[in-house]
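Asker: Keeping their order, the protein sequence lines are chains S and B. For the first sequence, position 98 matches number 98 in my numbering, and the numbering has no gaps at all. For the second sequence, position 121 matches number 121 in my numbering, and the numbering has no gaps at all.
Here chain S is said to cover these stretches of chain B; the calculated rule only asks that three of the stretch's residues, wherever they fall, bring their Cβ under 8 Å from a Cβ of chain S:
{"#": "1", "region": "6–19"}
{"#": "2", "region": "38–50"}
Straight-line Cα separation of at most 30 Å, DSSO-like style, residue types lysine-lysine; simulated pairs:
{"#": "3", "chain 1": "B", "residue 1": "Lys56", "chain 2": "S", "residue 2": "Lys130"}
{"#": "4", "chain 1": "S", "residue 1": "Lys91", "chain 2": "B", "residue 2": "Lys54"}
{"#": "5", "chain 1": "S", "residue 1": "Lys101", "chain 2": "B", "residue 2": "Lys18"}
{"#": "6", "chain 1": "B", "residue 1": "Lys21", "chain 2": "S", "residue 2": "Lys101"}
{"#": "7", "chain 1": "B", "residue 1": "Lys7", "chain 2": "S", "residue 2": "Lys101"}
{"#": "8", "chain 1": "S", "residue 1": "Lys91", "chain 2": "B", "residue 2": "Lys56"}
{"#": "9", "chain 1": "B", "residue 1": "Lys54", "chain 2": "S", "residue 2": "Lys101"}
{"#": "10", "chain 1": "S", "residue 1": "Lys101", "chain 2": "B", "residue 2": "Lys56"}
{"#": "11", "chain 1": "B", "residue 1": "Lys21", "chain 2": "B", "residue 2": "Lys54"}
{"#": "12", "chain 1": "S", "residue 1": "Lys84", "chain 2": "B", "residue 2": "Lys54"}
{"#": "13", "chain 1": "B", "residue 1": "Lys7", "chain 2": "S", "residue 2": "Lys84"}
{"#": "14", "chain 1": "B", "residue 1": "Lys18", "chain 2": "S", "residue 2": "Lys91"}
Rather than coming from a laboratory, the hints here were simulated on the basis of the structure. For glycine and all other residues, C-beta sits at the position ideal for the given N, C-alpha and C.
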Amino acid sequence: MKTEAFEPKILAFCCHYCAYSSADLAGVMRIQYPPNIRIIRTPCTGRLETEYFMKAFENGADGVLVAGCLEGGCHFVEGNLCAKRRVNYTKDMLEEIGVEKERLRMVNISAAMARPLADVITDMVETVRKLGPSPLRKSEVGSRKSEVRNLKLEVQSPSGFAKASVVAKAMTDKTPDKQPTAQSPQLKTNRL
Amino acid sequence: MIVAQRKNIPELLAIVEKHRKVLLLGCGTCVTVCLAGGQREVGIIASALRMAAKLKGRPLEVEELTIERQCDNVFLEQAAEAVKNADVVLSLGCGAGVQALAERFNGKPVYGGLDTAFIGILEERGVWAEKCAACGACVLHQYGGICPVTRCAKHMLNGPCSGSREDRCEVNADRPCAWQLIYKRLKEIGQLDRLKEIKKPKNWRSSQSGGCRQIIREDHRV
Numbered sequence: 001m002k003t004e005a006f007e008p009k010i011l012a013f014c015c016h017y018c019a020y021s022s023a024d025l026a027g028v029m030r031i032q033y034p035p036n037i038r039i040i041r042t043p044c045t046g047r048l049e050t051e052y053f054m055k056a057f058e059n060g061a062d063g064v065l066v067a068g069c070l071e072g073g074c075h076f077v078e079g080n081l082c083a084k085r086r087v088n089y090t091k092d093m094l095e096e097i098g099v100e101k102e103r104l105r106m107v108n109i110s111a112a113m114a115r116p117l118a119d120v121i122t123d124m125v126e127t128v129r130k131l132g133p134s135p136l137r138k139s140e141v142g143s144r145k146s147e148v149r150n151l152k153l154e155v156q157s158p159s160g161f162a163k164a165s166v167v168a169k170a171m172t173d174k175t176p177d178k179q180p181t182a183q184s185p186q187l188k189t190n191r192l
Numbered sequence: 001m002i003v004a005q006r007k008n009i010p011e012l013l014a015i016v017e018k019h020r021k022v023l024l025l026g027c028g029t030c031v032t033v034c035l036a037g038g039q040r041e042v043g044i045i046a047s048a049l050r051m052a053a054k055l056k057g058r059p060l061e062v063e064e065l066t067i068e069r070q071c072d073n074v075f076l077e078q079a080a081e082a083v084k085n086a087d088v089v090l091s092l093g094c095g096a097g098v099q100a101l102a103e104r105f106n107g108k109p110v111y112g113g114l115d116t117a118f119i120g121i122l123e124e125r126g127v128w129a130e131k132c133a134a135c136g137a138c139v140l141h142q143y144g145g146i147c148p149v150t151r152c153a154k155h156m157l158n159g160p161c162s163g164s165r166e167d168r169c170e171v172n173a174d175r176p177c178a179w180q181l182i183y184k185r186l187k188e189i190g191q192l193d194r195l196k197e198i199k200k201p202k203n204w205r206s207s208q209s210g211g212c213r214q215i216i217r218e219d220h221r222v
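Please model the entire structure based on the sequences and the hints provided.
Answerer: In structure tokens:
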């Protein structure tokens, strides 16, 4: 039986004040980027805990991208610097476990940087594609692709912001659905 | 508070090597404050253990629970049901918590997942420092509230060793000389004359050299 080519599943935590807005801008500008990214909006990358990254990998993410404001430009002064330290801590822990630390990356993007965001996403997808499927889900590759239906429902919760459970939902839901793209109407509904 | 730090993941995995159902039990007191064994760390380490075991092809179920305090029998009851359902308990409490668990659930293997380090305080965000050696005979009143037993690398009680350089300890240049701190503090509070008193050799019988210590309060016993 012919198996499907490996398509990385990458979870992107995007700060509401910068990277999430630049993803919006990328949509408005019709800039294309690979559809392997599942975006979760966060109020600030400083809100992200090590646990979120761990749960993402545990639930089958091939890579995790954290996109915060430019250093010195955080809406909450130093949230992105906190996130940077947590990402580095998590990288060390991933190495202890036996997962390549290159699967986790933090980038700094301003709200106006739509093109750089698309480039970063493209580069991240290529990096993870070269690394291959996460060692935690190698046996699953070739089976049906995971989809994002639950992610969409959770993100539209009254608070408007992502919950920790979103991470697990985004990676475990096997319900067949349409694959999202950069201009997907599913993701557009998540705007404020 | 008691300060501890986690063991690394391969070491934790080796500790629970022979077991399949593990209860990872956190403590909501000191180790929560020092970010080593609270609810958040239980979640992180449980995820890490599950992933590491999966990569090794080992079946491992990790249950997560955090109770208010592991070193108190009253609070241990909160964990009784979860302990019963697990093959082994991996505690993220301090050494006292692990032993309290082992005494309470005597039919169950209980292992420690942290390295308990010292009694200390949070000096700045992410930095904890030892402040008390629990010697059992406190001399802080004589030294302006700065403990030479703990903070002087040589435990000097009658003045500095003269090896310090620019108020840094000669044993560890990253740390301040305790005697420099004591002098400054006593000067600030106008008690420099305390330094003229010659301190007799410290009685260490109240410390660990006398074996495991115990305090009995007859007025509180029932």
